[in-house]
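Go ahead and model the full structure; you've got the sequences and the hints to work with.
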Amino acid sequence: MDDSTSLKQTPLHALHVSLGARMVPFAGYDMPVQYPAGVLKEHLHTRSAAGLFDVSHMGQIILRPKSGKLEDAALALETLVPVDVLGLAPGRQRYGLFTHDAGGIRDDLMIANRGDHLFLVVNAACKQEDFAHLQAHLGEICDLTLLEDRALIALQGPRAVAVLAELWADIATMRFMDVAEAELHDVSCIISRSGYTGEDGFEISIPAAAAEDVARRLLEHPDVLPIGLGARDSLRLEAGLCLYGNDIDTGTTPVEASLEWAMQKVRRTGGDRAGGFPGARTILSQFAQGADRRRVGLKPDGKAPVRGGAALFADAKGEQPAGIVTSGGFGPSADHPVAMGYVDTAYKDAGTSLFAEVRGKYLPVTVAALPFIIPTYKR
Amino acid sequence: MLKFTDEHEWLKIEGDVATVGITAHAAEQLGDLVFVELPEAGTALDKGATAATVESVKAASDVYCPLDGEIVESNQAIVDDPALVNSDPQGAGWFFKLKLSDPSAANALLDEAAYKELIA
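Quick note, the sequences are listed as chains X and G, same order. Mapping to numbering that gives the first Met the number 0: the first sequence position 322 is 321, numbers consecutive. Mapping to numbering that gives the first Met the number 0: the second sequence position 42 is 41, numbers consecutive.
Calculated directly from the structure, the hints in this document are not laboratory data. Honestly, I wouldn't trust all of these hints.
[As the list claims (entries may be wrong)] Okay, derived cross-link-like pairs now, DSSO-like style, lysine-lysine, Cα gap no bigger than 27 Å in a straight line:
#, chain 1, residue 1, chain 2, residue 2
1, X, 298, X, 316
2, X, 40, X, 377
3, G, 115, X, 360
4, X, 68, X, 264
5, G, 98, G, 115
6, X, 302, G, 115
7, X, 302, X, 347
8, X, 360, G, 46
9, X, 298, X, 360
[To be verified] Quick list of simulated restraints, FRET-style, between CB atoms:
#, chain 1, residue 1, chain 2, residue 2, range
10, X, 115, G, 118, 50 to 58 Å
11, G, 13, X, 344, 56 to 64 Å
12, X, 359, G, 13, 27 to 35 Å
13, X, 249, G, 61, 28 to 36 Å
14, G, 6, X, 376, 43 to 51 Å
15, G, 87, X, 5, 34 to 42 Å
16, X, 350, G, 106, 50 to 58 Å
17, G, 82, X, 128, 39 to 47 Å
18, G, 104, X, 101, 55 to 63 Å
19, G, 6, X, 359, 17 to 25 Å
20, G, 79, X, 157, 29 to 37 Å
For glycine and all other residues, C-beta sits at the position ideal for the given N, C-alpha and C.
As structure tokens, this is what we get:
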């Protein structure tokens with residue numbers, strides 16, 4: 000059977016094809032990896048102007064409290080994530096993690112307080128499992144809906160606000176991680192000032208039927224180029240953001256992944272709602288004592304990219320294992336190779352010299368602070 | 000004489016030396032190259048051995064030695080500026096010169112028409 004026949008399509012599939020995208024299978028969807036401009040130009044354009052990404056393959060889930068009280072949904076969700084959901088104000092969003100009983104990460108997600116419900120965005124490859132997980136644990140307290148009839152696009156880059164403001168004037172008043180409902184070209188959309196590139200920008204949830212029209216309107220703007228998965232990956236890597244399945248998974252804990260910032264004080268030991276999430280014992284004890292390994296940034300000293308899967312060593316002969324690279328490539332904005340990976344705690348400090356095994360050679364890399372670029376979030 | 004392999008290398012054969020690169024089709028498929036690693040002069044390689052490595056923003060790919068021979072020169076220009084391979088793959092973006100052990104072996108490679116058919 001032809002693989003492409005079993006792949007799902009987003010509401011923007013025909014648009015991608017008409018724009019000349021090279022399509023590849025990704026998380027069960029036929030997705031654009033690059034457009035004719037190419038990964039390098041798409042990446043740099045996003046950092047200098049604005050890039051439009053189709054992220055409709057991701058899961059959009061509504062959690063509505065049966066009681067009508069949002070705090071019931073918030074407290075229920077807190078049993079699955081080590082995140083302060085109750086303290087999330089209406090119109091605000093934050094990054095979160097689903098953990099499991101051994102302390103590993105089931106998925107990472109965005110959680111928005113939409114006043115009378117919570118709105119979650121989860122990874123494409125995990126969305127069915129996440130939904131079943133939510134249903135199994137929160138089904139008695141919340142009505143859950145996996146939205147199948149909405150597209151999700153991201154407009155990212157320094158010109159994103161100006162471009163969107165031409166369609167909706169109030170957008171500039173939004174702060175990083177604000178969420179609002181707005182009419183875009185007469186279509187009711189949910190807009191968050193967020194993204195996964197390190198740039199200022201917006202993620203926009205649109206009814207599927209209107210998605211192509213809104214996307215085309217945005218693409219008509221001279222500052223906007225369509226951006227594929229290739230540049231999406233290099234942008235998020237430069238921004239030091241984890242890709243689920245590469246940099247975090249069920250075998251990595253939030254502390255190992257250097258994601259402590261995603262666990263607010265109130266959920267940590269001594270906090271008012273400490274623990275109570277899957278794997279709390281392991282995760283909180285790592286919080287107190289540290290983990291044996293840490294996710295770090297890695298800057299290859301030479302020009303050769305060091306990719307995910309490369310083994311790391313403390314010595315140039317490859318005799319003392321030090322860790323493993325989980326993501327790596329060339330950073331077009333950094334203008335040098337960039338990578339991240341896990342190292343034994345002894346090697347976690349920025350400036351530490353290590354060696355990555357690439358095609359049988361041991362190439363010098365330096366542990367580096369993340370991100371590799373300066374983020375331009377509008378806080 | 001211009002010859003091609005089904006691994007998307009081209010060879011311009013002059014006497015017993017072949018100038019080798021990757022085809023325009025291969026360069027387009029790989030996308031923007033950011034790193035090239037070339038063999039050193041004096042390296043003897045068998046047909047099918049990994050001769051060079053190219054890395055695009057996304058992935059690494061091998062370039063194979065199209066025939067038995069010895070590397071006599073590598074193109075430092077593409078090491079310094081890998082984008083040359085994208086902009087001029089069958090000209091300034093050549094990879095290396097190979098002194099062929101058996102020039103007649105080139106007869107078994109594809110000619111331009113056969114290669115065009117392969118990628119059609």
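Tested hints:
Our distance criterion of 27 Å between C-alpha atoms is met by residue 298 of chain X and residue 316 of chain X, whose separation comes to about 19 Å. As the CA atoms of residue 40 of chain X and residue 377 of chain X are separated by approximately 24 Å, the hinted pair is consistent with the 27 Å bound. Of the supplied pair hints, the one linking residue 115 of chain G and residue 360 of chain X is violated, its CA atoms being roughly 37 Å apart against a limit of 27 Å. Restraint check for residue 68 of chain X and residue 264 of chain X: satisfied, since their Cα atoms lie roughly 24 Å apart, inside the 27 Å limit.
Annotation: proposed proximity of residue 98 of chain G to residue 115 of chain G holds, straight-line Cα distance about 26 Å (limit 27 Å). A C-alpha spacing of about 34 Å is found between residue 302 of chain X and residue 115 of chain G, which places the hinted pair above 27 Å, so the restraint is violated. With a C-alpha separation of about 22 Å, the suggested pair residue 302 of chain X and residue 347 of chain X falls inside the 27 Å cut-off, and the hint holds. Between residue 360 of chain X and residue 46 of chain G the CA atoms are separated by roughly 23 Å; this keeps the pair inside 27 Å, and the hint holds.
Distance check on the hinted pair: residue 298 of chain X and residue 360 of chain X sit about 16 Å apart at the alpha-carbon level, within 27 Å; holds. In this structure the supplied range 50 to 58 Å holds for residue 115 of chain X paired with residue 118 of chain G, their Cβ-Cβ distance being about 57 Å. Distance hint for residue 13 of chain G and residue 344 of chain X: a CB-CB separation of about 58 Å, consistent with the stated range 56 to 64 Å. As the Cβ distance of residue 359 of chain X to residue 13 of chain G is approximately 33 Å, the hint placing it in 27 to 35 Å holds.
Taking the beta carbon of each, residue 249 of chain X and residue 61 of chain G are about 33 Å apart, inside 28 to 36 Å as hinted. Between residue 6 of chain G and residue 376 of chain X the CB atoms are about 45 Å apart, so this pair conforms to the stated range of 43 to 51 Å. The beta-carbon spacing between residue 87 of chain G and residue 5 of chain X, approximately 40 Å, falls within the hinted interval of 34 to 42 Å. Between residue 350 of chain X and residue 106 of chain G the Cβ separation comes to about 57 Å, which falls inside the hinted range of 50 to 58 Å.
For residue 82 of chain G paired with residue 128 of chain X, a C-beta distance near 42 Å keeps the hint of 39 to 47 Å intact. Between residue 104 of chain G and residue 101 of chain X the Cβ separation comes to about 58 Å, which falls inside the hinted range of 55 to 63 Å. The beta-carbon spacing between residue 6 of chain G and residue 359 of chain X, approximately 21 Å, falls within the hinted interval of 17 to 25 Å. Taken as a hint, the range 29 to 37 Å holds for the pair residue 79 of chain G and residue 157 of chain X, whose Cβ atoms sit roughly 31 Å apart.
Hints 3 and 6 from the earlier list are contradicted by this structure; the remaining hints agree with it.
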